Amino acid sequence: MRRFTREAGLWLLTIPILLWTLLPIYHIFLFSISSKDSAFSGALWPDKPTLRNFGTIVREEHFYLHHFWVQIWNSLWIAVAVGVLTLATATCAAFAISRLKVRGGRTVMNLALFTYFIPAAFLAIPMYKAMGAYGLLNSRWSLVLAMVTLAAPYAIWVLKQASDKLPYELDEAARIDGATPLQLFRLVYLPLMTPSLVAIGTYALLLAWNEYLYAYLLLSHERTITLAVALGHFISADDSPWELLMATGLVYALPPAAIYYAFRRYMVGGLTAGAVKA
Amino acid sequence: MAAVSFRELKKNFGHTRVLHGISLEIADGEFMVLVGPSGCGKSTLLRMLAGLEEISAGSIAIDDRVVNELESKDRDIAMVFQSYALYPHMTVRDNMGFSLKLRKDEKRRIDERVARAAKILNLEPYLKRYPRELSGGQRQRVAMGRAIVRDPKVFLFDEPLSNLDAKLRVAMRAEIKALHQRLKTTTVYVTHDQVEAMTMADRIAVMNEGRIEQLGAPLELYDRPANLFVAQFIGSPAMNVFDGTLKNEAVEALGASWPAPQNRGGDGQAVKYGIRPEHLQLGRDGVPAEVVVVEPMGHETELLVRINDIDLIVVMQGRSAHAPGERIFLAPQAANAHLFDAASGRRI
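Protein chains in written order, with my numbering: chain F, 1 to 278; chain H, 279 to 626.
A hint or two may mislead.
So the derived label-pair ranges between C-beta atoms look like this [as the list claims (entries may be wrong)]: (1) Met1(F) - Ala516(H): 57 to 65 Å; (2) Ala133(F) - His367(H): 39 to 47 Å; (3) Glu411(H) - His221(F): 52 to 60 Å; (4) Met1(F) - Glu402(H): 54 to 62 Å; (5) Glu349(H) - Val84(F): 29 to 37 Å; (6) Val344(H) - Leu123(F): 52 to 60 Å; (7) Arg186(F) - Arg410(H): 19 to 27 Å.
Don't read these hints as lab results, they were simulated from the structure. Note that the structure is a prediction, hence the values are computed from the model and not measured. Think of the CB as a built atom: it goes at the ideal place given N, C-alpha and C, for glycine as much as any other residue.
Using the sequences provided together with the hints, build the complete structure.
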């Protein structure tokens with residue numbers, strides 16, 4: 001009986017939270033399959049559901065969507081570049097600090113932790129100035145570099161924690177077996193770190209994919225901005241095409257959902273693996 | 279195969295000195311066991327030989343070549359770790375062949391040598407398995423296989439049996455010894471278990487607090503321990519030791535007179551009297567004692583007896599009819615008694 005009440009209590013808590021989370025998504029979905037006239041009808045299901053909005057997007061048939069494909073390509077390019085670069089930097093740092101025990105590793109870790117205290121928004125203007133000084137404004141690289149800077153400390157921290165959990169005897173055994181540090185990295189370290197690497201790579205990729213503030217500041221040309229920024233432009237007009245905004249938003253949300261689904265096993269395992277030091 | 283020599287080897291961790299000038303010659307083909315309590319420096323010494331720890335002072339030579347500055351891989355050694363340290367993402371075959379692969383040996387040659395090692399260790403059915411699919415004993419054998427495959431000059435074992443259960447430990451002990459007799463490779467074996475040391479070693483170096491207390495063949499250490507530490511460390515159950523005073527070729531202790539071996543000390547000297555449990559016999563007269571606990575083992579019986587609030591252990595062959603609370607008489611074998619200086623702990 002006690003178990004029943006406990007489970008019932010859990011359900012009573014879970015169902016509202018689930019509804020609360022899913023309602024906006026359902027709302028987006030509803031908008032995206034409604035025609036412009038019925039979008040604000042308030043019905044729970046449109047009279048005539050339509051996929052025409054998606055056709056409009058794909059064929060770039062609206063003023064705000066003229067550069068849809070270029071912009072989504074920008075988003076993708078930047079996200080993948082951030083994922084790859086963050087992973088490369090953080091993996092090397094974690095390996096050097098955790099396994100090779102280089103001098104100053106502790107300081108790097110403390111500095112990485114320190115960056116948590118500075119809100120990302122705080123650095124937006126200095127970053128804008130810096131990118132301007134390097135002449136990188138309006139280049140994809142400006143956003144890539146900025147996002148790698150923001151993602152790397154957390155990535156280093158998590159990967160270092162995960163590395164620490166690999167038994168050090170493995171490195172010693174490899175050294176005796178004749179492995180150079182690079183061979184150790186490639187043949188022993190990377191294969192064993194795969195779950196954490198997938199998790200962190202995905203984390204950085206999605207961070208960049210979802211970024212708005214930095215993208216908005218650093219990129220301004222219609223053909224260089226990401227889709228996230230382009231979505232923002234939709235509501236700058238008096239007569240915003242809400243159904244197209246929502247449909248584009250839905251399209252924009254699909255890749256992250258797919259990635260999460262594909263790597264869900266690693267995401268949970270990889271991130272928590274580094275979270276607690278056993 | 280090779281001889282190993284440590285000369286005045288010292289090791290500091292920060293300001294703490296953990297090895298105080300170790301000198302030790304290990305002969306070609308010898309099975310040398312370093313034994314001692316935890317923290318005595320035995321593992322550090324082994325790891326210095328392996329090239330995993332820096333040498334603070336002194337030198338290590340393998341076959342007369344000083345290896346102080348050589349990388350582990352260039353020392354021609356192979357090591358078996360307590361935790362096995364198998365690569366979890368590689369099959370048994372790849373684990374064993376890893377060092378050869380790094381050396382860029384031909385694939386055919388690698389396969390050949392892995393197959394040979396697998397045959398020696400009865401690992402043939404498991405070559406395609408991953409370490410997580412093996413039992414503790416099998417993992418231990420793979421770790422040994424990884425060492426054998428390289429055909430090194432020296433095998434290093436760092437407490438390789440500590441993670442195994444008691445029964446398997448005994449079996450692996452015999453396997454390692456048989457392997458050594460077959461391959462005749464110089465071996466340095468670290469353990470804190472004196473039984474392992476006694477059963478496996480050609481020679482044992484008993485270490486304590488960064489020094490070698492005594493070096494010798496197992497039975498030599500057992501029969502003539504150089505000091506109290508070795509006397510009490512080697513042998514199970516441990517040697518009985520108690521305070522006494524030399525008087526007329528005997529030792530006055532625990533309110534009785536204990537026969538002493540050829541007496542080299544002077545009358546009135548304060549000594550520690552040591553006698554192994556199997557060298558205390560029960561007689562019709564002798565030192566009176568009270569039986570406290572009787573532990574029958576089948577082939578022998580251990581008695582815990584008490585004299586003047588001091589507990590002693592007596593091991594007698596076969597079975598015993600004695601019961602707790604009974605009064606008995608102990609007859610020590612004088613020839614097998616040991617005398618140590620009370621102050622220095624050295625053998626007299």
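So, going through the hints one by one against the coordinates:
no.: 1; hint: Met1(F) - Ala516(H): 57 to 65 Å; in the structure: 59 Å, holds
no.: 2; hint: Ala133(F) - His367(H): 39 to 47 Å; in the structure: 45 Å, holds
no.: 3; hint: Glu411(H) - His221(F): 52 to 60 Å; in the structure: 57 Å, holds
no.: 4; hint: Met1(F) - Glu402(H): 54 to 62 Å; in the structure: 58 Å, holds
no.: 5; hint: Glu349(H) - Val84(F): 29 to 37 Å; in the structure: 33 Å, holds
no.: 6; hint: Val344(H) - Leu123(F): 52 to 60 Å; in the structure: 54 Å, holds
no.: 7; hint: Arg186(F) - Arg410(H): 19 to 27 Å; in the structure: 22 Å, holds
When held up to the earlier numbered hints, the structure conflicts with none and fits them all.
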